[in-house]
Amino acid sequence: MLRPASLSRPSDGFRLLYMGRDEEEIYQEHVLDHYEDPYHRGHLAQPTHAHEDDNPLCGDVVRIELDVTPEGMIREAWFDGDGCCISQAAASMLVEKIEGKPVDEVRQFSAQQMLDLFGAKLTPNRQKCCLLSWRVLQSAVFSPVGSESSQSLPGGTP
Amino acid sequence: MKTVTTSTLDVEALRRDFPILRSVLHGDRPLVYLDNAATTQRPRQVIDAISDVYEHKYANVHRGIHWLSDQSTDLYEIAREKVRHFIGAAQREEIIFTHGTTESINLVARSLGDAGIRAGDEILLTEMEHHSNIVPWQQLAARSGAIIRWLPITYDGLLRLDQLPTLLCERTRIVSVTAVSNVLGTINPLGEIIAAARSVGANVLIDAAQSVPHQPLDVQSLGADFVAFSGHKMLGPTGVGVLYGRRELLETMPPFLGGGSMIRRVTKDGFEPADLPAKFEAGTPPIVPAIGLGAAIDYLDKIGLSAIHQHEQQLAEYAHQLLAEMPGLRFLGPPPKQKAGIVSFVIDGIHAHDVAQLLDRSGIAVRAGHHCTMPLHKRLGINASTRASFYFYNTLAEVDALAQGLRAAREVFRRNKSDRAAT
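Protein chains in written order, with this note's numbering: chain A, 1 to 158; chain B, 1001 to 1423.
Chain A extracted, bound-state conformation (with noise of 0.2 Å):
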């Protein structure tokens, strides 16, 4: 009585129903290598810039340190973070994305490219996660350290 027969079904058909769905699947291979294996995930040594924010309706963490020459070029770009694999990976991938550019190009980076850049299609409210490391970053720029304010990481890395 408690067990429809439609609910029943066969575990296997899991794999095609996640694996299956191109530009549609979030957790696609690139998204997953980025927040399986990050690059630039840590601390740099010495940053000119850098800063952390939250999303605060769903606690995840970004924060971004850079190494800026004095000609204005992104040595480094390091993150470090807590959260949801888009919130992670998008930050890896942005990171990646940077390192070597003018500040000045990575200031006229829009919210589109951070979501192009990501690539996968995200709804409303998966974007949020997925722009927590563009606006960090916007914000990196114009933070040189010493002016920071932002507090360290609640909790700890994951």
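Honestly, I wouldn't trust all of these hints.
[As the list claims (entries may be wrong)] Examples of chain A residues lying across from chain B (beta carbon under 8 Å, computed): (1) L57; (2) G59; (3) C84.
No wet-lab data here; the hints were simulated from the structure.
Everything numeric in this text was worked out from a predicted model, so none of it was measured.
We put the CB at the ideal spot given by N, CA and C, even for glycine.
With the hints as your guide, set chain B onto chain A.
The following block gives chain B in isolation, referenced to the frame of chain A:
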């Protein structure tokens, strides 16, 4: 491997009353709705009752001298009577219709605060409260200079009652506590808390949003001063809630919102408040939502809250059995015997939002995040959790689907890892 006894409810028959439960998502996934602590679904009987008012009996209440207004007023007051009976209140004057639990708590915080909370007075809350039972008190504290104290919880989500004697004192004016945690599912020992609060002369408010829809509650034997709950968490419409208050207290409290209906007389110099319950129902009330809530109560009465509670505990127990087998999964809150039909958890290496997103692919609706309990999550040392919450229309098969969905969610991450290792 099921070792849970099935309940006496004819769940399949009840499910047929809920049109939305026949939904199929993403092509071929039957909806598995496990987000009932956020809001429940409505049976045909409630939807029909709402349509019936709008089609045949709708006008403003307590105003028009015409037939339709009389119809509407009768139905609205019958709904109040149904609520009164449902929670065992002595008088209709003690049932205030609000727009939800949040407004009910704000009403008390504002009105009782205005009536004389002073700097140095104390308000006792618990670490497991919903933001709606925290922020109104913080606002009151900011206005009055009152101090908020926190009753701590144990790591497995039980209130530290042993701390009550040190936290309660003659300055404690209000104790506001949830009957059932919306995250941990913990069923709190209200009797002991109310007795302790009484002994220092404090007023007690019970946030019963997660309790009244799921298990029997009798306000007179409970002995609380205020009980707040929402219609939409018990098959009713959104936009209607209830505040039960002891009549002697409500009589002495100043009105909350000012406007029409809540006055006896207005002059250029001031106003005289109306009698209860109108005194606290300013403006046009949520007429049809209240009538819909009345229909929801009829429906719940027919099933019986004891049977509902029993069924939900079975679902929670079964969920614990299945999910305990999952590596890296940690439950929040006490074992199923001590809680309601709410099962929250975290999984190592998978953020709650990813869990919910992946479950959605299987047609399973759960809540992920902090569930409006940021202090509780901070206390537990986590940012977010995943919550499955049951109602009487959920089935053991749906718990199976949840477990299967979680296994599949793990696969997404694991598969990728092994793929990369292989390449």
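Legend entry - Closest C-beta approach of L57/A to chain B relative to 8 Å, hint status: Holds, because the Cβ-Cβ distance from L57/A to chain B comes to roughly 7 Å (cut-off 8 Å).
Inset, instruction - Report holds or violated for the interface hint on C84/A, using the least CB-CB distance to chain B and a cut-off of 8 Å. - result: holds, 4 Å
Legend entry - Minimum beta-carbon distance criterion (8 Å), G59/A to chain B: OK, holds: G59/A within 8 Å of chain B, min 3 Å.
In summary, the structure agrees with every hint in the numbered list given earlier.
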